[in-house]
Structures are given as structure tokens and as C-alpha cells.
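Asks: Next come the chains, spelled out residue by residue.
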Amino acid sequence: MSLAHDTFSGFSINRVYALVLRYTYLLRSSWPRLLELVYWPAVQMLTWGFIQVYIANTSGKAAFAAGTLIGAMLLWDVLFRSQLGFSISFLEEIWARNMANLLMSPMRPLEFVAALIIMSLIRLAIGLGPVSIMAILFFGFNYFAMGLGAVLFFINLVLTGWAVGLAVSGIVLRHGLGAESLAWTVMFIMLPLACVYYPVSVLPDFLQPLAWCLPPTYVFEGLRALLIDHTLRSDLMIMAFMINVILLIGGTTIFMVLLQKARAAGSLLQMGE
Amino acid sequence: MLSDSSTLIIALDHLVKSFASANAVNGISFSVAKGEVVGLLGGNGAGKTTTIGMIMGLVTPSSGSVRVFGVNMVDRRYEVLHRMNFESPYVDMPHRLTVRQNLDVFARLYGVEHASDRIKELAESLDLTEFIDRAAGQLSAGQKTRVALAKALINDPELLLLDEPTASLDPDTADWIRTRLEAFRTRRNATILLASHNMAEVERLCDRVIIMKKGQIADQGTPDDLIRRYGRTDLEEVFLDVARTGALQKGETR
Numbered sequence: 518m519s520l521a522h523d524t525f526s527g528f529s530i531n532r533v534y535a536l537v538l539r540y541t542y543l544l545r546s547s548w549p550r551l552l553e554l555v556y557w558p559a560v561q562m563l564t565w566g567f568i569q570v571y572i573a574n575t576s577g578k579a580a581f582a583a584g585t586l587i588g589a590m591l592l593w594d595v596l597f598r599s600q601l602g603f604s605i606s607f608l609e610e611i612w613a614r615n616m617a618n619l620l621m622s623p624m625r626p627l628e629f630v631a632a633l634i635i636m637s638l639i640r641l642a643i644g645l646g647p648v649s650i651m652a653i654l655f656f657g658f659n660y661f662a663m664g665l666g667a668v669l670f671f672i673n674l675v676l677t678g679w680a681v682g683l684a685v686s687g688i689v690l691r692h693g694l695g696a697e698s699l700a701w702t703v704m705f706i707m708l709p710l711a712c713v714y715y716p717v718s719v720l721p722d723f724l725q726p727l728a729w730c731l732p733p734t735y736v737f738e739g740l741r742a743l744l745i746d747h748t749l750r751s752d753l754m755i756m757a758f759m760i761n762v763i764l765l766i767g768g769t770t771i772f773m774v775l776l777q778k779a780r781a782a783g784s785l786l787q788m789g790e
Numbered sequence: 003m004l005s006d007s008s009t010l011i012i013a014l015d016h017l018v019k020s021f022a023s024a025n026a027v028n029g030i031s032f033s034v035a036k037g038e039v040v041g042l043l044g045g046n047g048a049g050k051t052t053t054i055g056m057i058m059g060l061v062t063p064s065s066g067s068v069r070v071f072g073v074n075m076v077d078r079r080y081e082v083l084h085r086m087n088f089e090s091p092y093v094d095m096p097h098r099l100t101v102r103q104n105l106d107v108f109a110r111l112y113g114v115e116h117a118s119d120r121i122k123e124l125a126e127s128l129d130l131t132e133f134i135d136r137a138a139g140q141l142s143a144g145q146k147t148r149v150a151l152a153k154a155l156i157n158d159p160e161l162l163l164l165d166e167p168t169a170s171l172d173p174d175t176a177d178w179i180r181t182r183l184e185a186f187r188t189r190r191n192a193t194i195l196l197a198s199h200n201m202a203e204v205e206r207l208c209d210r211v212i213i214m215k216k217g218q219i220a221d222q223g224t225p226d227d228l229i230r231r232y233g234r235t236d237l238e239e240v241f242l243d244v245a246r247t248g249a250l251q252k253g254e255t256r
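In order, the protein sequences belong to chains H and L.
As numbered in the numbering used here, residues 518 to 790 make up the first sequence, in order.
As numbered in the numbering used here, residues 3 to 256 make up the second sequence, in order.
Bound conformation, chain L alone (with noise of 0.2 Å):
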């Protein structure tokens, strides 16, 4: 998709981050328009959570830059953190709150004006109401999962970070989950940037994919292009080929 910088909610330039003497995230560069859903993929190590804590202003990057809505996200992220969130099944929250607890403390800071209404339209819209008023600890996986999928939605972002939203979760609830994003991005015309293994997931709900290696962008398009420039039948064997036999040179096919 192309876009105008003006549109741009997401902008990585040449960015770099180093752990000891390995890099993690190799000088990579890629945009997001308003309203467009990337999908990041790569194999474990490939850098994708990395980029996504880069880019939420939790690790500073040791080159490149990073600009979320046009802001430098090392020095001026707090203009802009409120018009995004994030949801990452390594990241929980407090065990002994009940739900509604927790998504009232997340709304205060957020500074989510009509609190109650809006954790009540939350509860109806993402089927919490039968256990809101119980604590989050005792909640199954995908239940733990709409939860923080409402934490995620609680100031109605305008970005939407995802690192592997339906990781561990049934097949049933993580089509239910995927629904629900469907009707997110369509309803506030949001941006998703969403880290998945999930090769189904990704063609479903991505309007571009991002296949990352080593640190580096070893190929880009959109699904549907991927498939056919390397011959493949799904977006899962292009990860495959890109993995075990590396990612085509420009303007070659398979």
C-alpha cells in the first residue's frame, strides 16, 4: 500500500538494535498506513518482538529511528501513547484483580473518559460479563486472552500492537478472537501491526506481510502476492522457503 507520510502511523528507518555483540534488529525500514493490518513474521529470533518493543518505546534502539504517528518514539512517546495499545500473551495482569478492577485501573490511565460505560460495552462486545466480577488469576487461557484483549481496546486505539494474539489458545476461541479484530479495524478504521506464528491468522486478517530473518526483512507483500511470486499454494510454505532456502532476489519468482 502506498501512502503518503502523512498517513503514516508507523516509521522504521534504518532501524538497529544490538544485544552484546549480536543484533537483534539489522538495519530494517518498513512503513504502515492508516487503516493497514501488517502482519510481522519470522522464526524464533527473527527480531519481530524486538521491533514491536521498539516501536512501543520499551527498548531504545541503538540506531535507526523510530516515529509512531510522526513522533520520535525515544525521546517523545509520551504524546502519543495514548492513541495506542498493545496485547502479548508474555505480558499479564494482576492475578488477585477481578477483570472489571483491572480494566478500571487501565482506563484511568489511559484517561478513558466514561469509564464504566465504556468497560461495560467492552464486557458485552468481548463476552467478559459472566466473569467480570471475578478474579483475573482464576480465568481460563482464552478467557485470560479476551481480557487482555479488552485491556488492549480499553482507550479505542487508534494502533493496535499485537505480539501473537491467539497463541495457545483452541481453534474456536482464536477464530472468535480474529472476528473480533475484524470488527475492531473495520469499526475504527485502525492500524494493527500484529507478530504472528500463525500463518492462517496472518492471511486472514493482514493486508501485508512483513517476513523477517536474522534481524533483517527478508521479504515483503501481500499475502496473496507472496503466494504466487514463490509458487506456493499458502502464506505457510512461503515461510517455509523463505526459512530453510532463503528469501527470492528482486523480481525472481518461483
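Here chain H stands alone, though its shape is the one from the complex (with noise of 0.2 Å):
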């Protein structure tokens, strides 16, 4: 009944451009929460970046050579920085104790995750932008030049970041600032199991199946395979794709279902620092 009627009732497209109005204002307002967007993506690549030189110069390796680090470190950055960029701004509202003064008006809970969405974009386009012209200069890795493949790793990748962002905003609108941590640190469990910087055969037999349930390691192989053998794998994507599809209806559920308990708990009036 009300768990319906909250996600799906009047949405309107007015208050998603109001909710991301407010949030490009305080970007706009704050010069270094616009260089946190950018440095820790830059320290990342030219750090990976160089790393795969000296190793491709070492080794002769021409899986290094072909880029496989720098666009692995990329594309974990657009898998992290889309988490991250949801979930900051859902925290930005708790920091400022603005929360009740939202739910409180007629902004429907589905217009503020899109908001969250359209806001994780953005961030993601003033971090990652800079950062891929950077790997061009330096290491002449274009991520671009990947074309379709490019596409499809990216959406796969944010579809995974805001579920998993979905999830830890509901878990902090239930519990509060104490589970805040989470948005910094939940995405690094998946760091060993989506096979990041190595393959899936790496992996002990037994971690293997749990690795194929999370979306990225179709990406990181898919990745692997475009820039080793030169071929897109299309059944990977279709298959991060279907994977995503229930974890985004699995974080948007956990999302309403803690919004209804911190209701029935009374937590929504205090929330705050």
C-alpha cells in the first residue's frame, strides 16, 4: 500500500531539476569539494599509469602494453566514483540537517534517487573527464577509442554503483550517520571479487561463482578481452546488464523499505550531525 504509493505515485521532473539545482549550487559554492572530484582520480592514474609502464618495459609484456591497467584503474574509478557520488549527495542532506524539510515536502522518494543519479553523473563527468585526458597525454591510453565497448563497460559500471548506493542510503536513513562509513568503504569489498586487475581464473575455484555475481567482472573481463584479443564480448555486457537489472530493483527496494522502518522508528526528525 504506502511502499506503492511512495515509489510510484506524481512524479515530477520539476522537483528532480529543483533537487539537482540544489546540489549543482553547492558545488558551485565549494571549490574543494570540485577538487575532490578530480585529484584522487588523477593520483590513482598516474600511479596504475606509470606502474604498467615500468612492468610493460620489464616484462614485455603486451597485455600491460595494451593498457589493461590504466583502463582497468578507469573503469574501477567510474564503478567507485558513481557509489560515491550518490551517496554523497544523499549525505550531503544529513550533514546539513535538511532531510526532514525534504521528505517533509512534496519531493517524492523516487524524484530524489533520480536526482542522486543525474548528481552521480555529473560528478562523475568533472572527475573522470580530466582524468581521461590525462591518460591520453601521459600514457596514451584513450578510453574513448574503445567505442561501443567504452559505452557499454560505462553504463554496466554506474547501473552496479548506484544500486550498491541505493542500498547504503537506505541503510544510513535507517541507522543514522553510524553507518556512514559504508558509502566510503562498501564498494572495496568488491575490489578482490570482480577481478579488477587480473582474471577470473586467478581466483580459487571456490570464489569463482560468487565472482560471475557481481556485474563488474563481466566488465573487467569484457575489458580484458577488447583490449588483448580485440573483440567485444557482447554476452558478458548482456549478462552484467541482467545482473544490474536486479540489483537496481534489489537496492531500490532496500532504499523504500528502510525510508518506510526509519518512519515507523521516528529517526527521519533527528537526523543530522
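Any given hint could turn out to be false.
Result set (DMTMM-like, lysine to aspartate or glutamate): computed pairs, CA atoms no more than 25 Å apart in a straight line [claimed, not checked]:
#, chain 1, residue 1, chain 2, residue 2
1, H, 778, H, 697
2, H, 778, L, 81
3, H, 778, L, 94
4, H, 778, L, 15
5, L, 36, L, 77
Hints in this document: simulated from the structure, not taken from any laboratory.
The two chains are supplied separately, each in an independent frame; assemble them into the complex guided by the hints.
Replies: Pasting the structure below:
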């Protein structure tokens, strides 16, 4: 009853725009926030880029020369930053003690989610745009040269990031800022299992089925297939997309159910720093 | 004030809210008619904020019903949220946004037509013009309260919920806020539910007072009626009587 009502009733683009405006006002007013978006991805890219150059020079491995490390690092940041961009915009409301104002307004939860998704994309563009150009200038690695592959990798990774961001935001709504650290750390659970920097075959046999449950695993396998074998594995992309649909439904359900539970627990009135 | 159901703006019926094993609100029923200003009094932990939370739809009742404009706030609140608003010192607005940006965002969220005209109008009536382009976090407590009131009035609400609207303000600023609230009520014929610890404020603004104690309604009536029945000179003394010795039984006077 009210869960379905909360989820689907009266969606308004104007209210989504109002929220996006609120977050862009915030970004524009704070140069440290803008710098933070670019700084860490740039440091990461340079570090992994130089490691790649070193390994390629000393071992002569063609895979490294093809840019698998730096490509994987850029895609990992797409995954991590899409989740973080979603979660940080959400946390800004709690840090500002503004959540009750929003939830008391006619804003629907799904409009809030839509605005967080748009902000995740804007933050990704600000953060990874310059870093992608740096990768071309420093290491000759052009992410955009992967063409359709680049688009499919990006879509699948941001979908996973949003699904995790939704679940984390729901947990913070229900349990308050005590759960805030999840926003910064939860994605790193995926780092070893999603096989970002090595093939799935490296994992012990018992971990491999678990790895194949994660959409990013398909993306990173697909990246290596594209860079090393010059083959776009559409089968991997389709599997990743299908699991992402399930994750997104799960993430949205977790967010909505935990919002309901926060109402029941009375915790929405006291949300703040 | 007696009213037929068509003019009831708020109607609570045997409302209960339990947290763990304790009842924060324990079976209260009351209604507020159109144009009425009702004060909700009670000590800390009496259940005022939880009651207001349930009226806003931010807290789900354990049992009983809460209807606003005739709509059940548990499952149909989006039908009426654009007709109401609230202010509380325990809720803030984004500090890095300017006053104008904050009001702009809320005007859009509430679907206010001609938002910039409305913001200008509020800036003039609430004396915000001088600092409207300053970051909200840089304002004094009194200025912040005026901005919070502007946000609460942005959609020209028919129902205004106020949780301690003048808490921590100096007497001059608090009086200034009360004057603006009186003007708004008169112009809009708005309904106001006001939770406050300031008895002078309640006496001045409210047509009727509901005193809560331990999650229940201990007593209610007009300020004059309560003062007369308790044989006191002001509402503060009535409040202390109820808090320390308990409410009068029906028909009893002191």
C-alpha cells in the first residue's frame, strides 16, 4: 500500500530539477568539493599508469602494453565514483540537517533517487573527464577509442554503483550517520572479487562462482578481451546488464523499505550531524 | 471551537506511537479547525514533537489515525503536502547555499508559480533583503529563524506546523516573529499548530491550548478558560500545576 504509493505516485521532473539545482549550487560554492572530485582519480591514474609502464618495460608483456592496468583503473573509478557520487549527494542532506525539510515537501523518494543519479553522472563527468584526457596525454591510453565497448562498460558499472548507492543510502536513513562509513568503504568489498586487475581464472575455484555474481566481473573480463584480443564480448555485457537489473530492483526496494522503517522508528526527525 | 468535519484541517483519532516498550504518544484524539491556532504544550518528552512528526507524515503511528485535510497521512500524504509546511529549530537548511538559492529550491519543490516574485515578496515582508545573497550558514540565529519562516511560508500554506518557532531568540526578535505569524494567519486564514515552551507566546497566538503529559492529553481549552479553571494568573502557572500536581478532573476547578 504505502510502499507502492511512495514509490510510484506523481513523479515530477520539476522537483528532480530543483534537487539537481540544489546540489549544483553546492558544488559551485565549494572549490574543495570540486578539487576532491578530480584529485584522487588523477593520483590513482598516474600511479597505475607508471606501474604499467614499468611492468611493460621490464617484462615485455603485451597485455600491459595494451593498457589493461590503466583501463581497469579508469573503469574501477567509474564504478567507485558512481556509487560515491550518489551517496555523497545523499549524505549532504543529512550533514546539512535538511532531510526533514525534503521529506516533508511534496518531493517523492524516487524523485530524490533520480536527482542523486543525475548528480552521480555530473560528479563522474567532472572527476573522470580530465583524468581520461590525462591518460591520453601521459600514457597514450584513449578510453574513448574503445567505442561501443566504452559505452557498455560505463553503463554497466554506473548501474552497479547506483544499486549499491541506493542500498547504502537506505541503511544510513534507517541507522543514521553511524552507518556513514559504508558509503566510503562498501565498494572495496568488490575490489578483489570483481577481478579488476586480473582474470577470474586467478581466483580459487570456490570464489569464482561468487565473482560471476557481480556485474563488474563481466565488465573487467570484457575490458581485457577487448584490449588483448580486440573482441567485444557482448555475451558478457548482456549478463552484466541482467544482473544489474536485479541489483537495481533490489537496491530500490532496500531504499524504500528502510525509508518506511525509518518513519516507523521516528528517526527522520532527528537526522543530522 | 466546534466545527463540522468539512472544516477540520487536522483530525487525530486514538493516535498511539510506541518506541520499544514505551508509548511516546498514548491514544490522543483532537482536531483543529480551519483558521484555528492551537498550541501544543508539554514538558520535554511529553510527545509533542512525535505528534507533529505523525501529522507531517514523517513518523508512522503504531495505531490510530491521523488525517490532514481529510487525507490519511500514512498512505496518502502526497495529496496534501503541497498545502502545508513546517518550521523547526531542529531542522536546518544547507549552509553553503545562499538564502535566495535555498528559497529557490524549496519554491520549485513546492511547485510555487512565479517563484522569484514570491521570494521577493517574502524577502520584503520578513526583512531578508539585506542578506538574501549571503550563505545561510553565515547568518545569526535570528536571521536563520526568519529564513526558516520564509521557507515555511514559501508555498503560502493553508496549514503551518511550528515546533518552537522562537526557541533561543532574543525577546525583540521573538516578538517580531510572532507579529509576522499573526499577520500571516489573518491574511491567509491559515490553520496553525504550534508546539512551544513559551507560555506568553502561546497565550498571545493561540485560540486553544492542548497540554500533553506522558504522551496523553492532560487538559485542553482556551488560554483564558484554563487560567480561570486553575485559578491562576497566567498560562505558565497552569502549565506548572499540570506538570507538578496533575490536571484537573472533569468539572473540577481550583
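Asks: Look at each hint and say if it fits the structure.
Replies: Verification of the supplied hints:
1. H:778 to H:697: Answer holds: residue 778 of chain H to residue 697 of chain H is near 18 Å, not above 25 Å.
2. H:778 to L:81: holds, 21 Å
3. H:778 to L:94: holds, 23 Å
4. H:778 to L:15: Holds: residue 778 of chain H and residue 15 of chain L sit about 22 Å apart, inside 25 Å.
5. L:36 to L:77: holds, 23 Å
In this structure, none of the earlier numbered hints is contradicted; all agree with it.
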